[in-house]
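Residue-level listing of the chains:
Number of protein chains: 2
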Amino acid sequence: MQENTDYEQSSGMTRDNIEAVRDKLLRLCTLYLAINSADKVPEMGVSPFIRRDDGLYIYTSHLSPHVRNLIGQGEATCMLCADEGDSQNIWARNRLKFNVEVVEITRDDVNFDNLCNEFTSVHGPTMGLIRNFTDFHMIRLEPGKGVLVLGFAKAFIVSGPNFDITAHISRA
Amino acid sequence: MQENTDYEQSSGMTRDNIEAVRDKLLRLCTLYLAINSADKVPEMGVSPFIRRDDGLYIYTSHLSPHVRNLIGQGEATCMLCADEGDSQNIWARNRLKFNVEVVEITRDDVNFDNLCNEFTSVHGPTMGLIRNFTDFHMIRLEPGKGVLVLGFAKAFIVSGPNFDITAHISRA
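Chains as they are written, first to last, in my numbering: chain A, 40 to 211; chain B, 40 to 211.
The following block holds chain A by itself, in its conformation from the complex (with noise of 0.2 Å):
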């Protein structure tokens, strides 16, 4: 595999095409994570997010065994990815995947209620009802490096908690 920086020739899309797609998938409800475990297959799981400029957030609970695993490691792969029903070729759905650190917001950290609040706006009243729950962690996802498929031949390098777009990967 090769990758190209002039991205644009490269894959023969323009750059505002792929960052609205890649858009669109930042604007998705929930992300899946995956994350190694002392058993031979990672834990596995779904959750509501919001974004921030430092990252994306989670509010889940440590009853999942995935979410011990992520708090215990510190780290995991996160996806975002269309729903099926939005997706044209089931072949090649618009998918975007990355490393992501994970750091845990206390519940005496001054950001804490207003990331619950946010937490209620975009995703609605259960905020509310597991707010209190004190199997709930808030955490923060710091995407590292990543790649974005939007269909055959369409993959593309992206990095850091804007997504930035760095490359197109193609056979060499």
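In case anyone wonders, no lab produced these hints; they're calculated from the structure. Treat the hints with caution; some may be incorrect.
What the hints assert, rightly or not - A few chain A residues that face chain B, going by a derived Cβ cut-off under 10 Å, partial list only:
no. : residue
1   : MET40
2   : THR44
3   : GLY113
4   : GLY163
Claimed, not checked - List time: in silico SDA-like cross-link candidates among lysine to any residue, alpha-carbon distance up to 25 Å:
no. : chain 1 : residue 1 : chain 2 : residue 2
5   : A       : LYS184    : B       : ALA206
6   : A       : LYS63     : A       : LYS184
7   : B       : LYS79     : A       : THR165
8   : B       : LYS184    : A       : SER100
9   : A       : LYS193    : A       : SER76
10  : B       : LYS79     : A       : LYS63
11  : B       : LYS184    : A       : SER76
12  : B       : LYS193    : A       : HIS176
13  : A       : LYS184    : B       : GLY111
14  : A       : LYS79     : B       : LYS63
15  : B       : LYS193    : B       : ASP62
16  : B       : LYS79     : A       : ASP93
17  : B       : LYS79     : A       : ASN75
18  : B       : LYS63     : A       : ASP122
19  : A       : LYS63     : A       : HIS162
20  : B       : LYS79     : A       : HIS162
21  : A       : LYS79     : B       : PRO104
22  : A       : LYS63     : B       : SER126
23  : A       : LYS79     : B       : SER160
24  : A       : LYS63     : B       : ILE129
25  : B       : LYS193    : A       : MET40
26  : A       : LYS63     : B       : TRP130
27  : B       : LYS79     : A       : VAL142
28  : A       : LYS193    : B       : ASP62
29  : B       : LYS79     : B       : ASP122
30  : A       : LYS193    : B       : ARG61
31  : B       : LYS184    : A       : ASP78
On a predicted model such as this, the values are computed, not experimentally measured, just so you know. The beta carbon of each residue, even a glycine, is placed where N, CA and C say it ideally should be.
Guided by the hints, dock chain B onto chain A, whose structure is given.
Just chain B, lined up with the frame of chain A:
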């Protein structure tokens, strides 16, 4: 956590209702996979699948790192998840998560052509384009134990290729 085998009583849902939601998930077009990798974070992917009595089949390229790990390790975690657009409460998307054993069906296997034909009839003409690409592999995912999540306090243990419901999970 506690597993209640009298799951209708324990969950307040009838077996018919639980199975109807499970079967709707099994009619999805795509599944998510997470595979342990040599890195600290797992690989992750999404693939169209077909279902047969002995498991779920995917047809996917080893140019994706997660496919090389999938074949190399022979085990993975799999998830089917209702579209966001079909989820009444985004905090509790219906989902079915389970461990799988991985078996490759080689191109000279007596079943290979029939499986390809079934992919074409279920997922359309893209299969015709990729059928002869030798970087693609036909893989059977054999489900072991898993969990069906249908909302808060509505999680059930499932088992085997028919995803038989065996227990309701509740806080002890």
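Cross-check of the supplied hints:
| no. | hint | in the structure |
| --- | --- | --- |
| 1 | MET40 | holds, 7 Å |
| 2 | THR44 | violated, 20 Å |
| 3 | GLY113 | holds, 9 Å |
| 4 | GLY163 | holds, 8 Å |
| 5 | A:LYS184 - B:ALA206 | violated, 40 Å |
| 6 | A:LYS63 - A:LYS184 | holds, 19 Å |
| 7 | B:LYS79 - A:THR165 | violated, 33 Å |
| 8 | B:LYS184 - A:SER100 | holds, 22 Å |
| 9 | A:LYS193 - A:SER76 | violated, 32 Å |
| 10 | B:LYS79 - A:LYS63 | violated, 29 Å |
| 11 | B:LYS184 - A:SER76 | holds, 16 Å |
| 12 | B:LYS193 - A:HIS176 | holds, 21 Å |
| 13 | A:LYS184 - B:GLY111 | holds, 24 Å |
| 14 | A:LYS79 - B:LYS63 | violated, 29 Å |
| 15 | B:LYS193 - B:ASP62 | holds, 16 Å |
| 16 | B:LYS79 - A:ASP93 | holds, 22 Å |
| 17 | B:LYS79 - A:ASN75 | holds, 7 Å |
| 18 | B:LYS63 - A:ASP122 | holds, 15 Å |
| 19 | A:LYS63 - A:HIS162 | holds, 17 Å |
| 20 | B:LYS79 - A:HIS162 | violated, 31 Å |
| 21 | A:LYS79 - B:PRO104 | holds, 17 Å |
| 22 | A:LYS63 - B:SER126 | holds, 18 Å |
| 23 | A:LYS79 - B:SER160 | violated, 34 Å |
| 24 | A:LYS63 - B:ILE129 | holds, 17 Å |
| 25 | B:LYS193 - A:MET40 | violated, 44 Å |
| 26 | A:LYS63 - B:TRP130 | holds, 20 Å |
| 27 | B:LYS79 - A:VAL142 | holds, 16 Å |
| 28 | A:LYS193 - B:ASP62 | violated, 33 Å |
| 29 | B:LYS79 - B:ASP122 | violated, 29 Å |
| 30 | A:LYS193 - B:ARG61 | violated, 34 Å |
| 31 | B:LYS184 - A:ASP78 | holds, 13 Å |
Violation of the numbered hints given earlier is confined to hints 2, 5, 7, 9, 10, 14, 20, 23, 25, 28, 29, 30; the remaining hints are satisfied by the structure.
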